[in-house]
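These protein sequence lines map, in sequence, to chains A and B.
Under our numbering, the first residue of the first sequence carries the number 119, and numbering increases by one thereafter.
Under our numbering, the first residue of the second sequence carries the number 7, and numbering increases by one thereafter.
Hints listed in this document are in silico derivations from the structure and should not be mistaken for laboratory results.
What you were told as hints is all true, and nothing was included just to trick you.
Below, simulated PhoX-like cross-link-like pairs (lysine-lysine); rule was C-alpha separation at most 20 Å, straight line:
1. A:K277 with B:K109
2. A:K120 with A:K138
3. B:K132 with A:K318
4. B:K132 with A:K317
5. A:K157 with A:K211
6. A:K317 with A:K277
7. A:K312 with B:K132
If you want a taste of the chain B side facing chain A, the calculated C-beta under 8 Å gives, among others:
8. E118
9. L121
10. D129
11. D141
Reference listing, derived: stretches of chain A covered by chain B, where coverage requires no fewer than 3 residues with Cβ under 8 Å from a Cβ of chain B:
12. 222-229
13. 238-248
In this text the structure is predicted, and so the values were computed from the model without any measurement.
No residue lacks a Cβ here, since even glycine has one placed at the ideal position from N, Cα and C.
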Amino acid sequence: MKHLIDITDLSLNELDDLLKLAEDIIRNRNKYSEVCKGKKLATLFYEPSTRTRLSFEAAMMELGGNVLGFSSASSSSVSKGESVADTALVVSKYADIIAMRHPKEGAPYVASLYSEVPVINAGDGGHNHPTQTLTDLLTIRETKGRLDNLTVGFCGDLKFGRTVHSLIKSLARYENISFVLISPPELVVPDYIKDEVLKKSDIPFREVLNIEDAIADLDILYMTRVQKERFFNEADYIRLKDTYILTLDKLANAKPDMKILHPLPRVNEIAQEVDSDPRAVYFDQVEYGKFVREALIMTLLGLSA
Amino acid sequence: MINVDSIERGIVLDHIKAGKALSIYRALELDKLDCSVAVIINVKSVKMGNKDIIKINDRIDINLDVLGYLDPNITVNIIEDEHSIEKKKLHLPDRIVNVAVCKNPRCITSIEPELDHVFRLADATKGIYRCIYCDALPKRK
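For reference, chain A alone in the conformation it holds in the complex:
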């Protein structure tokens, strides 16, 4: 593995190794505290995403490495018209590894073609966000103890939600997975995911309108935010943003060991009363994200403790 652009770039074995490494980091943090000493991570964030950037930076710091970079396009040479290819090549002369977030789809892939060091896609528009998927997979594995034999529900914006698409593609590779897709008709999973991932591999899935219609079957409920920046029309956003809100009432029929995930930030799609429910693991998920990024940085740099 030289770069991580799309989660499906990883074989199941590579994925398994990464998650195992992350789990070892969780349990033996001191062992890894100087693994990246003398190494530099460049965070090239062409659009603001404070929590993803902080997660990468915290990960590198916990491994004993250093960070440099920019957090918006206006504070970088892109404002002078530099191409992604040139920026990637130049930065790869300074840093040992790059994490790039960009509003345009495919920008990190372009960077990986020109960079002399590993490039991690830290989110490219509405397209891919592989480290969020790694985070989700580690969270499921740590909280459920497995990645197979699961019924996974996705709720909210399943059309523009890239985290949903990536996680579906990843979980579809494990045994005995079924999906329940809960969304308004305007925000259903795109046909290409259904045709080229689910139907192609005969993976069972059903589409429902209401959380209550599916909740009793689920091992995992993955909630998503209806993101304003993915809409061209503000009126559509306002009409749909409050459609699916998870409350304790709606959890009444859920399995006691179901887990609720959310890529965060949440707006109001999960009521605060749910936070103290033992099934809510979305704040633990944030920390798993940091650990899995540590494992990824180490793997791409070819380092071990």
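Given the coordinates of chain A, work out where chain B should sit on it, guided by the hints.
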């Protein structure tokens, strides 16, 4: 019936879907050739009902990837001494470069014009191509 002379040495593109010859002509940039080119439209065909044919009066290098992407059912006949000496079957190429364009406004190609527009074959049974950068479907140039 219109008679078009046979060619002595060159290439005949046969079994083109009726009405598509001109788009093939443009895609292969046959207008830039010095030799004569015959574009025959709506020829009766036992196999296809109607078809188009293009005759090129020279042995030029045809981009078979472009042709395979546009219509993998076209037959390419190589002609020498007025006889077909080779028939090339086409297939869907794994990648096409600058044959189609990505129209996704969110794709990196929308703001970086120097990037090649590259599509990979995502589904060989359905002949579906997707942009290597953003996974969008292609639009013909």
